[in-house]
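Student: Going down the list, the sequences are from chains S and D.
Mind the numbering: the first sequence is residues 1 to 337 in the working numbering, read in order.
Mind the numbering: the second sequence is residues 1001 to 1337 in the working numbering, read in order.
Since the hints were derived computationally from the structure, they do not count as laboratory data.
It is possible that some hints are incorrect.
[To be verified] As a list, the in silico BS3-like pairs of lysine-lysine whose alpha-carbon atoms are at most 25 Å apart: (1) S:Lys247 <-> S:Lys305; (2) S:Lys223 <-> D:Lys1260; (3) D:Lys1131 <-> D:Lys1305; (4) D:Lys1329 <-> S:Lys223; (5) S:Lys154 <-> S:Lys225; (6) D:Lys1247 <-> S:Lys223; (7) D:Lys1232 <-> D:Lys1131; (8) D:Lys1131 <-> D:Lys1167; (9) S:Lys232 <-> D:Lys1131; (10) S:Lys131 <-> D:Lys1166; (11) D:Lys1333 <-> D:Lys1167; (12) S:Lys223 <-> S:Lys247; (13) D:Lys1225 <-> S:Lys247; (14) S:Lys131 <-> S:Lys260; (15) D:Lys1123 <-> S:Lys260; (16) D:Lys1260 <-> S:Lys260; (17) D:Lys1131 <-> D:Lys1166; (18) D:Lys1247 <-> S:Lys131; (19) S:Lys232 <-> D:Lys1329; (20) S:Lys260 <-> D:Lys1305; (21) D:Lys1099 <-> S:Lys260; (22) D:Lys1223 <-> D:Lys1131; (23) S:Lys232 <-> D:Lys1247; (24) S:Lys232 <-> S:Lys247; (25) D:Lys1305 <-> D:Lys1247; (26) S:Lys131 <-> S:Lys111; (27) S:Lys225 <-> D:Lys1223; (28) D:Lys1167 <-> S:Lys225; (29) D:Lys1167 <-> D:Lys1329; (30) D:Lys1131 <-> S:Lys225; (31) S:Lys260 <-> D:Lys1333.
Number of protein chains: 2
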Amino acid sequence: MKKVFVVGVIILLGGFGFFKNIYADPHIGQQNVRDNELPSWSDGNTRQRILEFVHNAIMEGNAGFIPEQDRIAVFDNDGTLWSEQPLYFQFMFVLDRVKELAPQHPDWKTKEPFKSVIAGDLKTALASGEKGLAAMLAATSAGMTTDEYTQLVKTWIATAVHPVTKKHYNEMIFQPMLELLQLLRTNGFQTFIVSGGETDFMRAWATDAYGIPPQQIVGSTLKTKFEIVNGKPVIRRLPQLNFVDDKAGKPVGIQQYIGKKPVFAAGNSDGDYEMLQWTSSNTLPHLGIIVHHTDAQREFAYDRKSHIGQLAKGLDSAARYGWQLVDMKNDWKTIYP
Amino acid sequence: MKKVFVVGVIILLGGFGFFKNIYADPHIGQQNVRDNELPSWSDGNTRQRILEFVHNAIMEGNAGFIPEQDRIAVFDNDGTLWSEQPLYFQFMFVLDRVKELAPQHPDWKTKEPFKSVIAGDLKTALASGEKGLAAMLAATSAGMTTDEYTQLVKTWIATAVHPVTKKHYNEMIFQPMLELLQLLRTNGFQTFIVSGGETDFMRAWATDAYGIPPQQIVGSTLKTKFEIVNGKPVIRRLPQLNFVDDKAGKPVGIQQYIGKKPVFAAGNSDGDYEMLQWTSSNTLPHLGIIVHHTDAQREFAYDRKSHIGQLAKGLDSAARYGWQLVDMKNDWKTIYP
């Protein structure tokens, strides 16, 4: 009986990993470290390829080695670091602002696209196209100082909830991508956001959400103006687009802000196509990945025919450029933190 | 004799600091470290004020403490980090390019300001004002890809010499400012250039000269365009100004690129006035310094009446804002490395 008891205890302790330190050899130790990397990624080709790229990048003498100052990694935001359906979340902010400001603008009751937004008829509102969106952006997101705008976005992100998931928007960031950002930074990469979303909109919450400082957040911008108000300098947001950081604008934004070709790029839509092309033309080792939204159950499933985050060219060209498709359904164990 | 010899050796060794480690106590060690900081700066109020600001910034609990993520330091380039007389050095590059390209442009022989530049009549050429300069910039610095332009600037900076000093232009950087950049970085500050000069012009040499990576170099920009040429992606420089990073444009550039108000700013002319104002409105501890060109012997002496690097508002407002004037003649032991 005693013997059985002892053996039982030993088996139990073994099951709880009690002897791991005793039995571990350096090789197993190495294996454990790698198992701890990207824990929300299913073990498979996608995870292996990313890990290999990163491990090779830091190994001097290795063909995949990348000098530390060249380890520039760029990430799209909408659909790559957080969700983007049924509408880019910055649009949600704009729509919420239209409703909030409506009492101060009686003329909006008869003026599109404001009229339809107030009436809750999103379809008609969006039919106004880019011109309508620009009008709403100007009416809701310009005129104030950058500090005032940041405060508005911070308040919104802390209170607003997504219409489908009922989560706060900053709870709809992707856990596997947080791990990837961290893995890259641990290995000497500088992580940048390069997104079609507006820079100041992202900066209001993305530093907390992703650990990326404001100077590494590149996006679309409005024109701004330096002013002295009551003896205090401010920067005022003007109702005029300055730069659109999307499609062919992404490599332009990368050159303007970063001044160096990235070695790693992550995107999810054809808005990221030129950024991926630019990265893939690097003479240093490089990797491009495309988050493919394949999980209707846990997130949203869409690609070629979606109005938001359309992905067609990227799917067609992935093999040619060696871009790694990330199959959300199968490659990610978890979606949201 | 033997005794005298031994004593002599001991004195000699002492003189060479052989016993420093033995005699050093922590207090003396600290003193030595501080003496080694900013060695090209004369001991005096300017050096002391900068050192105090930096030492306090890293001392948690101190009233002058600044959290590391907020330690953003911005530096003008022309006249602050390197010389700028008799003409901004980027203009020298443009003038050299006009002469170099002249054989391919027979029409320039009769077309101002090109005609006067080719004839060596700089005064008439410059009388064409901003319009003339823009025309020369477009003709000499646009049309090519960013890679091609970078190569042109690299070749120029390696070969061209300054008309007065006969030094290469990148040998006319200020040794005391190199030490200040290094001091700030050693203490957790991120150092940025925020200059009226063009971003890509500076990036071609400033990383080597100052140890500032391309993503921390903010300047004026031309519009650029992403293109595929023979299957390879390139970014082409267009003959059109995109952003002028001077005067009230400097805080705008800081907000756009860095997204955070600096705690330290260094300038030398009224083109830096708004950047200094913006920095001085920081609620965190902050310091602004103005390099005052007072040394006609070793560099150039100019301020209120200069066409290049005019400094009048800055001199008039320094006391009110607490900006520290740096008297090149008396505060700097060395000018160039």
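Student: Going back to the hint list, which numbers does this structure go against?
Tutor: 4, 7, 8, 9, 10, 14, 15, 17, 18, 19, 20, 21, 24, 28 and 31
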